[in-house]
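Start from the sequences, fold in the hints, and give me the full structure.
Each protein sequence line maps, in turn, to chains A and B.
Under the working numbering, the letters of the first sequence match residues 4 to 260, in that order.
Under the working numbering, the letters of the second sequence match residues 34 to 306, in that order.
No lab work stands behind these hints, which were simulated from the structure alone.
Take these hints with a grain of salt, some might be off.
[Said to hold, decoys possible] Facing chain B, according to a computed beta carbon distance under 10 Å, are these residues of chain A, among others: (1) Pro84; (2) Arg86; (3) Arg110; (4) Ala175; (5) Ser180; (6) Asp238; (7) Ala241; (8) Leu248.
[As the list claims (entries may be wrong)] To give a feel for the contact side, a few chain A residues facing chain B, derived at Cβ under 7 Å: (9) Gly79; (10) Gly101; (11) Thr105; (12) Glu107; (13) Leu207; (14) Val210; (15) Asp214; (16) Gly220; (17) Asn223; (18) Val224; (19) Gly225; (20) Glu226; (21) Arg245; (22) Gln251.
Keep in mind it's a predicted model, so treat the numbers as computed, not measured.
Glycine residues also receive a C-beta, built at the ideal position from the N, C-alpha and C atoms.
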Amino acid sequence: MEKTMNLILKVWRQRRRDDVGQFHMYELQNVSEDSSFLEMMDSLSEELVSRGEEPVAFDHDCREGICGMCSMTINGVPHGPERATTACQLHMRHFNDGQIITIEPWRAKPFPVIKDLVVDRSPFDRIIQSGGFITARTGSAVDANEIPISKQTADFAMDAAACIGCGACVAACPNASAMLFTAAKVTHMNSLPQGKAEQDRRTLAMVTTMDREGFGGCTNVGECEAACPKVISLDMIAHLNRDYLSAQTKNFLKPVQ
Amino acid sequence: MYTISSFFKSTIGRKILMALTGLVLVLFVMGHMLGNLQIFLGPDAINAYAYKLHEVLPSSALWAVRVFLLICIAVHIWMAVLLTIENRRARPQAYLKQRPVQATYASRTMRMSGVILFAFIIFHIAHYTVRVVPGMLYDELNVLDSTKVPLFKDGLAVVKEGETVPTFNVYDMMIDGFEVWWVSAFYITATGLLCLHLTHGVSSMFQTVGLRNQLWRQRLDRAALLYGWVVFLGFAIIPAAVLSGLLENDPRYEQATSAAHPNISEQVVIAHD
Ligand code: HEM
Ligand code: FES
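Below you can see the structure in the form of structure tokens.
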């Protein structure tokens, strides 16, 4: 028989961007351990609606761990206790009957809360817009082997490209730094021949935008890597640091266009 | 488009400055430790080392090194303060509870260890370089007198133009300094915090300048742990040895009222120009 549990949920409720939010306690009964965390949140919302209360607003879309929308800090850990797992892919069997679960939004100055658990992540879009692309018109896709790329490089770029832009790295970082996200996006492009041509310009632009958006700096503590649902490694940050140092050096000798 | 100031204003640029100044300090700390450990080779060895640093080395070079190190410390701290302010600003609202998943204790306490280290550096300079800390035993003995002790080489006093060459009695100064228990306790605590700071810092600086990857992270983390402990043991062993009585004042100068003329019967003249 399917096992169920009763939970006490401590959820951040905030009506508007400029409102002061606060935690609300809810009791939720008969939660199936086979349900996902978001399904559990859905049943909470259903119950709230049936009581005539406002449901808890939270972001979600694909519910299969690829879109990066579901953003919630569960018991102090972005996306909850399981490694390499988004909140939508987290199952309730990792929780116990009677457990108190604290659910908070991402907390970072550049990610203001819009409502309840929903935050505005558009600073990430602006980082991408400032350099996460290749300027040249590439036409339709060329043959896979047209440009030889070593397996190692392709794998590395693919690991970087796995970033779904969910923002858990910022949420987990004690400094609310966006280095893992920016590093993944920069490295993904910079490590492939198509992206190399604009490497320096891209690196300078994306780092400048990242800083301008008000994210903190990296202190190499590694919490981002631990929280990342795609397990993007700190190697990407080392790579970004190296590219940034080289771009600044080249820029010093001859301004990078 | 990007000026040089964009480097110093970026979080990465600031962190690179911290890593480079940190590297200078890391290397200095090792040299300083090896220099200090000569105390176990006896008073003549370490006093001769002091002679080399103060008299053989041109004083302009000594000052250049000192100023350079002070600049490194200043830049390191300045960047640490700027980054800390920016980092605090980026998280105005804390989590109800945030659980560190893999961050080490050392990495989370860099500011705490750094601030105490800074206080220690000030004390240390006041204590042994400028020697203005009140109530120290070295005031009572004559070690700080401008009249110094003879320089020895291979157990023989060095004589130049008919006179013994004087050197600074750094040996007795260290012993006297550490015989005050709370001074020793502070030194041991501070070097413990230096160990903590370095177990994160030595590996972190490679990451900051982009010279680390998955494979080398493990190796560098281990190297940093080792480096931290070596530095801790290398520094802390001296106050520990003084407190436990393993290292004692140089008996030759114990009763001498004037340190310049100790009773050294086996004095032999060596020509030295
Ligand atoms: C003997 C003195 C010191 C040495 C050898 C030293 C060494 C280092 C090194 C190697 C790093 C790593 C740089 C990087 O992450 O790339 C570092 C980081 C840091 N140091 Fe120091 N440091 C010293 C003194 C101080 C002092 C006095 C402060 C005080 C304000 C301080 C504060 C910091 C901070 C805040 C960091 C950054 C923390 C992080 O990366 O998470 N350090 N230090
Ligand atoms: S909803 Fe798409 S990743 Fe969770």
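Structure-based check of all given hints:
1. For proline 84(A), the suggested interface contact is upheld, since its CB lies about 9 Å from the closest CB of chain B, less than 10 Å.
2. Because the closest C-beta pair between arginine 86(A) and chain B is about 8 Å apart, less than 10 Å, the hint holds.
3. At about 5 Å, the closest approach between the beta carbon of arginine 110(A) and any beta carbon in chain B falls short of 10 Å, and the interface hint on this residue holds.
4. Contact between alanine 175(A) and chain B, as hinted, is supported at the beta carbon level, the nearest pair being about 7 Å apart and thus within 10 Å.
5. Below 10 Å, beta-carbon pairs count as interface contacts, and serine 180(A) has one with chain B at about 7 Å; its hint therefore holds.
6. At a threshold of 10 Å, the smallest CB-CB gap from aspartate 238(A) to chain B is about 5 Å, leaving the interface hint in force.
7. Look at alanine 241(A): its Cβ gets to within about 5 Å of chain B, closer than 10 Å, so that hint holds up.
8. Among the interface hints, the one on leucine 248(A) holds; its C-beta lies about 6 Å from the nearest C-beta in chain B, closer than the 10 Å criterion.
9. With 7 Å as the threshold, the beta carbon of glycine 79(A) comes within range of chain B, its nearest partner Cβ sitting at about 4 Å, so the hint holds.
10. Nearest Cβ of chain B to the Cβ of glycine 101(A): about 18 Å, over the 7 Å cut. The hint is violated.
11. A least Cβ separation of about 6 Å between threonine 105(A) and chain B falls short of the 7 Å threshold, and the interface hint therefore holds.
12. Among the interface hints, the one on glutamate 107(A) holds; its C-beta lies about 6 Å from the nearest C-beta in chain B, closer than the 7 Å criterion.
13. The beta carbon of leucine 207(A) is positioned within 7 Å of a beta carbon in chain B (closest approach about 5 Å), and the interface hint is therefore held.
14. Look at valine 210(A): its Cβ gets to within about 6 Å of chain B, closer than 7 Å, so that hint holds up.
15. Hint status for aspartate 214(A): holds, given a least beta-carbon distance of 5 Å to chain B, under 7 Å.
16. At about 3 Å, the closest approach between the beta carbon of glycine 220(A) and any beta carbon in chain B falls short of 7 Å, and the interface hint on this residue holds.
17. Satisfaction of the interface hint for asparagine 223(A) is found here, the shortest Cβ-Cβ separation to chain B being roughly 4 Å, below the 7 Å cut-off.
18. Taken as an interface hint, valine 224(A) checks out: its beta carbon lies about 4 Å from the nearest beta carbon of chain B, inside 7 Å.
19. Satisfaction of the interface hint for glycine 225(A) is found here, the shortest Cβ-Cβ separation to chain B being roughly 5 Å, below the 7 Å cut-off.
20. Interface hint at glutamate 226(A): satisfied, since its Cβ lies 5 Å from the closest Cβ of chain B, which is below the 7 Å cut-off.
21. Satisfaction of the interface hint for arginine 245(A) is found here, the shortest Cβ-Cβ separation to chain B being roughly 3 Å, below the 7 Å cut-off.
22. Interface hint status for glutamine 251(A): upheld, as the beta-carbon distance to the closest one in chain B is roughly 5 Å, under 7 Å.
Hint 10 alone, counting from the list given before, is not met by this structure.
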